[in-house]
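Asks: Can you make the complete structure from the sequences, with help from the hints?
Protein chains: 2
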Amino acid sequence: MSSYKAPLNDIRFALFDVIGADAEFERLGFDEASRDVVDAILDEAARFTETVLAPLNAVGDREGCTLDQASGDVTVPTGFKQAFDQFVDGGWTGLNSPPEFGGQGMPQTLGFPLKEMINSANLAWGNFPLLSHGATEALLHFGTDWQREAFLKPLVDGRWTGTMCLTEPHCGSDLGLLKTRAEPRADGTYAVTGTKIFITAGEHALTNNIVHLVLARLPDAPAGVKGISLFVVPKFKVGHHGTQGERNAVRCGSLEHKMGIHGSATCVMNFDGAEGYMVGDPNKGLVGMFAMMNSARLGVGLQGLGLSERAQQNALRYARERLQMRALSGPRFPDKPADPIIVHPDVRRMLLTCKALIEGGRVMSYHAGVQLDIARSSTDAAEREQADALAGFLTPIVKACLTEWGVECTYNALQCFGGHGYIAEHGMEQLARDARITTLYEGTTGIQALDLLGRKIMQLKGAGLRAFLAMVDRFCAENAGNAAVSEFIDPLRGQATQWQQLTQQIGQRAAANPDEVGAAAYDYLMYSGYVVLAYWWARSVAASEASSQSEAFKASKRETARFYFARLLPRTLAHAAAIESGAGTLTTLDADAFDA
Amino acid sequence: MSSYKAPLNDIRFALFDVIGADAEFERLGFDEASRDVVDAILDEAARFTETVLAPLNAVGDREGCTLDQASGDVTVPTGFKQAFDQFVDGGWTGLNSPPEFGGQGMPQTLGFPLKEMINSANLAWGNFPLLSHGATEALLHFGTDWQREAFLKPLVDGRWTGTMCLTEPHCGSDLGLLKTRAEPRADGTYAVTGTKIFITAGEHALTNNIVHLVLARLPDAPAGVKGISLFVVPKFKVGHHGTQGERNAVRCGSLEHKMGIHGSATCVMNFDGAEGYMVGDPNKGLVGMFAMMNSARLGVGLQGLGLSERAQQNALRYARERLQMRALSGPRFPDKPADPIIVHPDVRRMLLTCKALIEGGRVMSYHAGVQLDIARSSTDAAEREQADALAGFLTPIVKACLTEWGVECTYNALQCFGGHGYIAEHGMEQLARDARITTLYEGTTGIQALDLLGRKIMQLKGAGLRAFLAMVDRFCAENAGNAAVSEFIDPLRGQATQWQQLTQQIGQRAAANPDEVGAAAYDYLMYSGYVVLAYWWARSVAASEASSQSEAFKASKRETARFYFARLLPRTLAHAAAIESGAGTLTTLDADAFDA
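Chains as they are written, first to last, in full-length UniProt numbering: chain G, 1 to 596; chain L, 1 to 596.
Simulated from the structure, these hints should not be mistaken for lab results.
The model shown is predicted, which means the values in this text are computed figures rather than measured ones.
Lysine to aspartate or glutamate pairs mimicking DMTMM-like chemistry, simulated, CA-CA at most 25 Å apart:
id : chain 1 : residue 1 : chain 2 : residue 2
1  : L       : Lys336    : G       : Asp592
2  : L       : Lys284    : L       : Asp388
3  : G       : Lys226    : L       : Asp339
4  : L       : Lys336    : G       : Asp174
Replies: What follows is the structure, encoded as structure tokens:
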């Protein structure tokens with residue numbers, strides 16, 4: 001079985017030393033989020049995830065969820081309910097929800113290390129509370145007073161959970177095709193009818209009620225994405241004083257048999273004239289959906305990070321224990337029958353790849369969290385706008401890169417175990433199977449790439465990119481004379497320049513041929529992720545040298561940054577070449593000739 | 001469920017048009033291997049794998065193998081035994097074994113498309129006959145007359161199967177640590193005692209007997225790899241006239257629960273004073289082991305290829321059927337609710353990546369097969385020696401690259417399905433799980449990399465590399481004026497030059513620091529694989545243009561080659577940068593500081 005210990009020191013380093021989140025919290029008026037309080041929250045999150053959730057990870061994989069076909073009830077794995085109750089009792093569900101709905105009003109940023117730890121400990125379990133946050137966001141911004149009163153409080157205090165019901169059998173990425181209907185009724189409610197698939201936590205007995213946020217079409221809706229409305233459809237109807245009413249006409253029809261995340265209930269949900277209430281304006285459902293989606297996308301990015309962290313911890317332990325062959329440069333432990341495999345450069349390559357992607361990715365994702373707080377809580381409108389652009393720009397990068405890297409890190413960590421990694425009892429293969437969903441759900445990597453390049457760069461004219469490049473410029477200027485990071489400044493500057501050039505080049509080509517966007521998108525996304533990470537690695541070294549961390553810690557950051565710049569950042573060369581080759585290399589071949 | 005149709009046209013193109021295997025067979029005196037006969041064999045292999053093996057693939061995954069703890073018997077999935085009987089009746093087990101032991105004496109090369117098709121159809125099933133070939137090789141070259149008489153014939157005709165018993169709980173890559181003992185007995189036999197793990201097809205009821213090839217130590221053996229001997233230990237003892245004797249003291253203690261290849265029996269084998277017979281000389285067991293291992297390594301490379309082919313076929317079908325969103329450059333099928341996803345450049349990127357790696361990898365692996373035939377059957381000693389060097393050089397590249405690419409191709413193919421790829425019923429996730437073993441067993445990618453760089457390049461002074469570079473030079477010289485491939489000649493020449501420079505650079509550094517070999521090995525291996533593939537893609541285009549294939553086929557080869565040179569070959573830039581960064585970026589960080 002794999003084990004997990006929360007990397008609190010590095011989490012704090014990322015949060016406070018690199019990003020300066022404590023100063024940001026103070027500046028933004030989060031009076032409750034003092035360093036002491038935040039430290040205590042992190043300690044308690046570590047305790048809860050290590051001791052309550054982590055031991056249930058293998059249990060969830062082994063047992064999975066089961067559906068009673070007659071009743072439509074879903075049973076979750078042993079221990080999941082008790083853990084959920086403790087989570088609710090600890091007040092975790094409302095950590096960064098507004099106090100007026102029972103939340104603690106802490107910064108969004110704090111939810112990031114919390115989610116990271118949950119996902120390291122037990123990703124499948126973490127999927128049950130995960131989407132409540134998206135539902136909360138949608139209701140908070142677009143719900144009526146009654147909807148907020150009726151649904152928000154129980155979602156915030158964890159008595160109920162939420163879902164996002166978007167996908168249908170014939171439409172996933174293309175929501176414009178969806179068929180679920182919502183017929184208006186005389187009392188102002190809607191009768192929602194249709195089948196939704198891949199509904200995470202669509203049914204379970206962890207809570208008394210489940211709040212489905214459902215995309216559907218009104219009878220007179222225009223075709224495509226401009227005819228989609230958003231509805232809230234509870235499992236049990238809700239009286240006007242919040243009392244629980246009768247069972248609504250929504251049922252789980254089946255559970256999917258999946259490659260991994262067996263402990264997570266992935267449901268086919270059948271709505272059969274279920275009573276629903278419209279959220280926001282008619283035919284404007286996608287706006288509310290994006291409010292949910294961005295939260296969920298960042299959350300999935302943190303799943304990639306969390307799985308990578310756990311995988312790497314176990315690979316590191318194994319690499320120190322497993323004795324196999326001698327170092328090529330001579331025995332390091334002559335008294336042992338062989339050297340531990342961590343002496344072998346190729347094992348170190350795999351471990352350092354994980355370490356560089358994880359620790360850099362941690363800072364990258366937490367920084368996106370800070371942007372959410374600034375965008376919401378800054379008193380300066382221009383600053384809010386820029387933070388919003390930056391968050392929008394970083395969301396597809398965090399989602400896609402941390403999940404692609406999650407696949408890579410769980411691959412490398414498993415590989416360190418040799419054949420033993422393939423055997424279930426070591427727990428490494430579960431992490432690899434669980435990681436495989438993360439590049440698919442909440443928008444595949446290809447969809448993230450289109451969101452980044454097509455929307456955030458082309459449509460929104462790259463405001464987020466410009467804001468990020470300004471950070472790079474400022475850092476390079478401020479650290480020109482800083483011996484601790486001088487080796488990284490020129491490579492970082494060069495990379496930022498090429499990033500701009502590639503962006504312009506794609507823009508020019510896309511003006512003549514829109515396929516250029518789709519053809520460049522994936523490589524542009526990955527290119528961007530590696531440059532963002534290079535920035536954070538340079539800043540991490542600067543922050544580490546200026547910190548009171550141990551000499552070993554400082555050496556660890558310095559050498560990992562060197563490894564990153566020397567051995568991972570050059571992947572941008574391949575991505576740049578692919579971008580520069582243009583769309584023709586992808587689009588010329590006739591679809592029928594692929595297997596000619 | 002995923003489906004499979006043998007890509008016979010491309011298999012024939014690779015074999016005959018690109019490599020010219022038919023001319024080679026004739027030149028080497030394989031009178032039976034006329035084009036007609038080979039074509040008939042390929043047709044029949046396609047029929048057998050498509051109709052008998054492919055439908056059992058999901059069955060094997062679902063049912064797995066089961067052990068009766070009391071008897072030690074292993075039950076294989078439904079249909080596996082009947083399929084094995086048909087395989088034996090069809091004479092497949094002895095396809096390229098010597099006629100004097102009942103084989104058909106066909107070229108080794110022919111085993112490559114056969115294995116590819118078996119692995120596409122049902123990799124787990126294919127593991128049962130797979131290792132017989134390795135056992136056959138070891139006995140053929142190192143067995144006594146009696147051993148060859150007693151064991152070879154039933155292995156060749158498929159009445160029995162073979163295993164390779166190398167790994168023990170504390171030693172996998174480092175066989176020098178192995179502890180299994182072989183005590184000589186008065187009658188010249190040995191009592192073999194110890195525990196072997198990860199034994200593929202270690203126990204089953206497909207055949208009446210199982211022939212274990214076991215590495216063990218004699219009582220007076222020196223420590224390390226110089227004290228290992230090879231023994232043949234049958235499940236049932238064998239009388240001097242080949243009669244089946246009493247049960248030997250070797251039993252399956254347990255089956256591993258694995259991420260994939262559930263239909264393959266991965267056994268813990270306990271030898272408890274089992275009667276064994278020494279193969280070859282005392283303490284020289286590794287020589288026999290390598291004879292088995294090289295065959296098995298190429299076979300595992302073909303597993304990566306086979307899985308990739310099946311995955312890609314299904315992704316291509318899905319990409320043509322699944323309607324989702326419009327092409328960015330405007331609707332292609334305005335009469336449909338959306339365009340098929342194959343119009344989207346990023347879906348094409350994933351499909352073309354598979355296509356380029358599979359079709360190029362097919363030629364690369366079959367060409368290695370031809371070297372085995374030349375090394376064995378040429379009348380020219382110098383040619384035999386060169387082919388042997390080339391086969392040795394290509395073996396780690398074929399094994400490691402085709403399996404790493406197998407992981408990538410099954411990843412991409414699954415990704416084309418979006419969330420549906422994660423669901424068991426589509427069969428894509430099984431292919432991804434099955435692929436995950438291939439970079440681990442028969443030597444991890446890291447071990448292949450050390451074999452290539454440490455042994456085939458450094459120790460053997462790069463004879464195989466020189467032979468390959470001579471092929472590249474010859475092709476470039478001969479095609480300097482060939483308009484069909486002129487665009488590829490300069491890039492290929494440049495890449496070959498850099499390959500030599502990197503090789504020299506590593507050699508110079510390694511003289512001062514042996515860790516440089518381990519630090520460069522993985523990136524050097526992948527770099528080499530991409531250059532080898534570039535050569536085969538250029539040659540494939542030349543061969544295609546000169547062939548009587550359809551215009552669509554020619555366009556398909558040309559555009560895929562262009563895609564490969566533009567979008568995949570640039571990965572060598574990243575690998576070269578990693579190599580050039582040297583060992584320091586991997587070795588400087590103290591092992592204790594990884595999680596400081």
